[in-house]
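Guided by the hints, dock chain B onto chain A, whose structure is given.
Protein sequences, first through last, are from chains A and B.
Heads up: the first sequence begins at 429 in the working numbering, then just goes up one per residue.
Heads up: the second sequence begins at 32 in the working numbering, then just goes up one per residue.
It should be emphasised that the hints constitute simulated quantities derived from the structure, not laboratory data.
Note that this is a predicted model, so its numbers are computed, not measured.
A hint or two may mislead.
For the chain A half of the interface with chain B, some residues (derived, Cβ under 7 Å), not all of them [stated by the list, open to error]:
no., residue
1, Ile-444
2, Leu-448
3, Phe-494
4, Gln-498
5, Arg-536
6, Val-550
7, Asn-555
As a list, the in silico DSS-like pairs of lysine-lysine whose alpha-carbon atoms are at most 25 Å apart [stated by the list, open to error]:
no., chain 1, residue 1, chain 2, residue 2
8, B, Lys-417, A, Lys-435
9, B, Lys-527, B, Lys-154
10, B, Lys-507, B, Lys-327
11, A, Lys-597, A, Lys-557
12, B, Lys-84, B, Lys-154
13, B, Lys-417, A, Lys-446
Note that the Cβ used here is the ideal one computed from N, Cα and C, for glycine as well.
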Amino acid sequence: MFETYIKDYNEAVFEIDKELALEVIEAALEEGVTPEQVVFNIIIPSIEEMMAEIVINADTNLAQHFMTAQIAAEITEKMLAKFETTPESIGRVIIGTSYGDLHSLGKRIVMGCLKSMMVDVVDLGVNIKAEDFIDAAVAQDAQVIAISSMMVHTATGEEGSLKVRSLLKERGLEDKIKLVVGGAPYRFDHELYNKVGADSWAADGVTAAKIIRELILEGKS
Amino acid sequence: MIKNHSLILHTEKQSIHLQIPEDLSVRLALDIEGLRVRAACGGIGTCGACTIKTVKGNFTSLTLAEWQKIPPEEREHGTRLACQLYLKSDAEVFLDNPAPSSNWKSFNLQHWPNYHYPNFDVKNSFYAVAVDLGTTHIRLSFWDRNTQQRIACRHGNNPQVALGEDVLTRLDVHRQREANLQSLTQIVRDAIIEGIRDILARDIGEIKSILAKVGVVNIVGNTAMLALLSGQDGSELYDPESWEHPIACLADDVFSWKQSWQMPNANITIQAPLAGFIGSDILADLIAINITQHSKPILLADFGTNTEIALWDGKQLWLTSVPGGPAFEGVGLQNGLSAEAGAIRAVNLINDSFVLETVDDQTAKGFCASGFVDAIALLRIQGELKLSGRFLNPLPEGFLLDKSNAYTAIKPGDIDAFQRAKASTAAAMQQLLVLANISTHNLSELWICGAFGQHLNVHNAQTSGLIPTMDCSRIKLFGNAALSGCEKMILAPNAKKNTDELRQRIHVVNLSHYPEYDDYFINHLRLQPFIRDE
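Here chain A stands alone, though its shape is the one from the complex (with noise of 0.2 Å):
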């Protein structure tokens, strides 16, 4: 029943039509789709069938992703206020952009993401320094950091993630809080992950999301 609404719901969203978007969701809550379920079963799943295409097709639109990665978030956003309970939080993230870098974007989306999969993300915003990613994490008690990088000398600069690495290490704190990293730089070099002493990448939001969770549970089982 859901790839009905999934095929319009992406419709709506590809052709940033957010006012269709909804229409569709309102069509399917009225039809006796739970929000969860809207957010489960047709917002995730529209998701991830974008960023297939995106790595199918080279020239796919990195524009549109920005446009339906904006208009998924909000409606999300709306459907979360109408849980019938208030979803169980499976752990947190401390997000934020390396130092010296200014680039927020690509960690917003990653945020959106995250919180559609219940994950609660503390976002400390953009040029933060590794001790406050850390100093953070520990008060918080977050069990991964993520740093997105957008320049080739935020993501591997000595004040960014290897910092943050060598701080995890020096403060005993490696297997409480593992180390995400994300941006431009990874997608052109897969293993860069491992010289910035990242545990792992993505190349995406949604995948983002799905890593951080993993590793999340990883550290609860």
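Chain B only, in chain A's frame:
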């Protein structure tokens, strides 16, 4: 109304087609084109080097200089001096011995502002040079300050392009090896003096003695280029702490620099950039249009690899910059070109068909930025391209404006690059308008500076939302504004004081401090007009 005529120029190796206004000499027209005649006197007919043979058409009569310089038998066979020759009809000429090819071309000085300031006492070192140092191009002009006359202008490629297309790549190159810093500094210094020498050789006919009389070299440009020119490593640009403050670009080798340029009396000034990614080129733009003399709000954008934007609210200037991306330079699109022969520079829709205008009327080889802006607007109007940037009927080969020419194809990736470039620019404009609490209706003027703006169809740029919707008569295009402002700095008696006062009125905006910028960016990705009403 000045008429244009077609000229076909033949050499032994090629034939080119040009459109030349009646009031432009053949020599200057060819200087602008880049296929140059030999010359050594600045076009006054005294050197006799610029001989060219007329083949067909009507021309102005022989001048006294031509009677003196061209032997009778050659005159009878149609030989003329290109600097004395003007077209009176469509024509053909043959150039037997072109000047060696050069990186440097002249500007078309029509519509270029002239300045007349009270003469100030400049005795010996009365020559002056204005330089606009850009990421991809260098523009310069040479002045006699006593007579307040511009002797000539040149523009050429910044040879650093070979070491990296954009600013950060070039900085990264030198970070990897210290030796690269010297080479990046030296390459650009060599290029500037080469441009100056080109003017002296062709437009005065003396080099060394004139260089000794140069008293001022004033250089504006983007921050990274000026840092590299001064011999700094540009490391400040990597530090966010310094992004909102002026960056001093002081060379510590000025003496040897002047020696190497053979300009012992020159005061070489690098105008300090306003902030990390806001160069002094936009400062020169603002001076060029006398922005602070206006009482009503004015928006100014200098499009390029790094697009700088200024908003004057009547009291202060709000400035910021965004990555313009390669879409505004033509390159970076699958069929992207700079404004070279065969580049589609304009597209028109006539009887539902796309009609392409190319540089030099050559077969289309791809799009330069102005042609691409037209194409997007017309595809939107025709309904072939949707608001989202998706094609109505996507085809694997892309959308071909000319079905028989694969170089006219536009692919989804090209649309995407354009959407992101225009969204970052429009969102930055919106952010400044919001901060200054000004609506687009209240803007008295919009200035579009930089080479990108020169051939822009503003109506089409508005259709896709690249620039705000407003009456086209209030939109001004000024391609060489930065060089023009740089010239004012070397000529106006109170230039330093005025420049310092202008700097005091500038408020640099770091867009990363405004979370709403991301929302503006995403909203402006849509291919629709840009209006800020509230």
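Comparing the hints with the structure gives:
1. Ile-444: Status holds, d = 5 Å.
2. Leu-448: This interface hint is violated because 12 Å lies over the 7 Å limit.
3. Phe-494: With Cβ-Cβ at 5 Å, under 7 Å, it holds.
4. Gln-498: This hint holds: Gln-498 of chain A lies near chain B, its Cβ roughly 5 Å from the closest one there, short of 7 Å.
5. Arg-536: Result: holds, 6 Å to nearest chain B Cβ.
6. Val-550: Not OK, violated: Val-550 of chain A not within 7 Å of chain B, min 15 Å.
7. Asn-555: With a closest approach of 5 Å, the Asn-555 of chain A hint holds.
8. B:Lys-417 - A:Lys-435: Judged against 25 Å, a Cα distance of about 19 Å means the pair holds.
9. B:Lys-527 - B:Lys-154: Since the Cα atoms of Lys-527 of chain B and Lys-154 of chain B sit roughly 20 Å apart, the hinted pair holds (cutoff 25 Å).
10. B:Lys-507 - B:Lys-327: Answer holds: Lys-507 of chain B to Lys-327 of chain B is near 15 Å, not above 25 Å.
11. A:Lys-597 - A:Lys-557: 16 Å, holds
12. B:Lys-84 - B:Lys-154: 42 Å, violated
13. B:Lys-417 - A:Lys-446: Cα-Cα ~15 Å, so holds.
Taken one by one, the earlier hints fail for this structure at numbers 2, 6, 12, listed in ascending order.
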